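Could you put the whole structure together from the sequences, leaning on the hints where they help?
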Amino acid sequence: MNETAFKTPAADATVSENLVETLKAEIIRKLTFSLGKNPSVAQPHDWLTAVILAVRDHVIEVWQRSTRESYQTGRKRVYYLSLEFLIGRSLADALNNLGLTGPVAQAMSELGVDLAAIETIEPDAALGNGGLGRLAACYLEAMASTGVPALGYGIRYDHGLFKQRIEAGKQVEIPEDWLSFRNPWEFERRESSYQIGFGGAVAGTDKPGEVIWTPQETVFAVAYDTPIVGWRGRDATTLRLWRARALHPLSLDAFNQGDLVGAVAERNRAEAISKVLYPNDSTPTGQELRLRQEFFFTSASLQDLVRRHYRQFGTLENLPDKVAIQLNDTHPALAVAEMMRLLMDERGFTWEEAWTLTNGTISYTNHTLLPEALETWPVALMERLLPRHMQIIFGINARFLEGVRRSAGGSKVDLAGISLIDEQHGRRVRMAHLAFVGSHTVNGVSALHSRLMQETVFAPLHAIFPDRITNVTNGITPRRWLLSANPGLTKLLREVCGDGVSDDITQISRLAKHTGDASLHERLRAIRRDNKLKLAHLIRQDTGVSIDPDALFDVQIKRIHEYKRQLLNILETIALYDAIRSEPYRDWAPRVKIFAGKAASNYGTAKAIINLINDVATVVNNDITTRDRLKVVFLPNYNVSAAEVIIPAADLSEQISTAGMEASGTGNMKFALNGAITIGTLDGANIEIGERVGEDNIVIFGMTAEQVEAAKRNPRPPEDVIRATPHLEGVLDAVASGAYSPGERDRYQGLVAGLRANDWFMVLNDFESYRLAQRRVDALWADQGKWWRSSVTNTAHCGWFSADRSIREYAERIWHVPASPAAKG
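For what it's worth, the numbering used here labels the leading residue of the sequence shown as 104, then goes sequentially.
Derived from the structure by calculation, the hints contain no laboratory data. All values reported here derive from a predicted model rather than from experimental measurement. Using N, Cα and C, we set each Cβ at its ideal position, and we do this for glycine too. There may be inaccurate statements among the hints.
[To be verified] Now the in silico label distances, taken between C-beta atoms and shown as ranges:
id : residue 1 : residue 2 : range
1  : Thr708    : Ala128    : 42 to 52 Å
2  : Glu270    : Gln146    : 28 to 38 Å
3  : Asp849    : Gly513    : 34 to 44 Å
4  : Asn141    : Gly463    : 51 to 61 Å
Take a look at the structure:
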């Protein structure tokens, strides 16, 4: 790597000038010889690709150096298996981590091209649905930044999460086509291809204990590698994504007989595996495709790491000493059965030997306590699609249950409750139980979540394995979510806290000494206003709605789900709208309610909530009596790039999930680090944010997790709650009667009827507490000195929520992989 990339232009003008000239030459060379374009006719996308290819060369130097060092030292390596990697755009991130943002911008400017403008046309790699995928992306970058040797495994979806359009207030899904101009960051590795089997038969042989699985169908998994460079280019990790390919892409017999559809049937069936992120699994066909996806990437990943390990060490007996496999949720839980199969059927290990190696290498991160989100698969489907794996799962279960039964106190254990097979709901494999039993360590992602894991869904297993559950609170990469997304605030932090804050985010705590500095508040207000102007431009461009940058920006951006309670937010917004109309003479704080997020294509209630938000926006934004004081915006097609604009502009961060249902959250960390004040429940990492910033600097409301559980056991009739809650009945009646959907009066009758029948997510129970909390926000906003003291306090005390801290905890306590010496400084 050219070390001059990390010398600031101010420090050495000659080096900077030389670097800019070198970069110009590299970019022109890529444009000419890789793309075959003359600069005079090059289009913006040509320039973007040329810049990416030039920057990629710098990344490759780091990447190859890291790989060589890993092989030479024989260090233990982490393999991170995740069905989602929500990478987003990569150019700005790579430039920032390499210290090349300024030099490349100058080089492009001298070539007559605006770098910032072409960066916006890079597609978002939307290979994830939300927090799970974004966490995986943050962790890969953090592993590179902390020097943890790692390789991430996932699927190279042709189409990531759908693009969202809003038409007549409703969500419309269209295919996301991030590969339409190919992906210049990746390298196809055809030599790293593996056969993945499905169906078929299992038979014994003459050799005792030997089993042969003969799949009925086989597909190829082909690897595509993308380097992920860490901060200051010290190290790099690899994201390896698998693409499905047919063994026989064309049946010539069928083609020659005129059966054009049948000729490519095998190819289409195979390629469907990596076609779309999260196919609709509400049908049997969709369920089977989802299971095929999970096994496809899990099997390819394990075959790859076993081959890689054996090639380096010549044995698999030291697997736990050199390999750490992290399962990101239950999607790769089949790794337990597949590793057993690979070790026994292909490598000749006994069951006991294979189990010791499997259990010693695998650890599992749980991300949800919601019963409906804990994956299960019908035994019948597993037996048909993965017959050998079902045999192994039955074997694991039988040995596990027999061991518990024979243990002290085993006669009192509810074996049905701990079994890997749920016999009560149509015989289904409990994937979370499989991952738990097959792992040496299981972690939650916030202190509350990990405790609730022990007390609720995994309580019976926790009693058997009392030392297995631990906690690693989630983290975010400050490089993307502060240094890159909020350059104005970053510049100020460097001035106040020192330049070292860029390398060690915990130094941001020095800002706490300046919480009462009025001049600092003014500078922060100006920085926030600039960020709000950028967001206002995006909103105007995408929705046509004009908003006041001096208003309070009240933001809820996340996947649309009932437990995340966007419905509570919009119902309170209606109550606020009614109050402003009733008392227009009051000094109401101008407020912009900003929503963004996607609903699963088959999630009718979530899609109805989106529709309601947009219908309320239409009414509120066109009311001349309130439009200067209240605006409602739903920003379509929420993605990583949009978040990078929204988060630095937010004043208020809505983290209002039903207590006990949000495992951790990472959006709450991003907002707080950028100085937004949180309004939220005592749920997930909100609790830990509150502990660090202090109760005066976070707005907490609503029921606790324990109160929610008690309310579910002894539910209060929803009608009693409504009658006892001021403002609520009028809001529900207005929604149900069509006040916000005049063209379709009964549009929301079902939504309101559902609330009146069962307040499972405590929308009604928490409504009044939430409404009063919002009035506390109004009062705080009215005292700008107090508001900015709270904002500064949030930023100063949220450096702990760094992905670097999370990764070091994983490395030290779960993976037992030391960070590199260079990264510890």
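Here's how the hints hold up against the structure:
Roughly 56 Å separates the CB atoms of Thr708 and Ala128, a value that falls outside the hinted 42 to 52 Å. The hint said 28 to 38 Å for the Cβ distance between Glu270 and Gln146, and at roughly 30 Å that hint holds. Evaluation of the 34 to 44 Å hint for Asp849 and Gly513 yields a failure: the beta carbon distance comes to about 56 Å. About 58 Å separates the C-beta atoms of Asn141 and Gly463, a value consistent with the hinted range of 51 to 61 Å.
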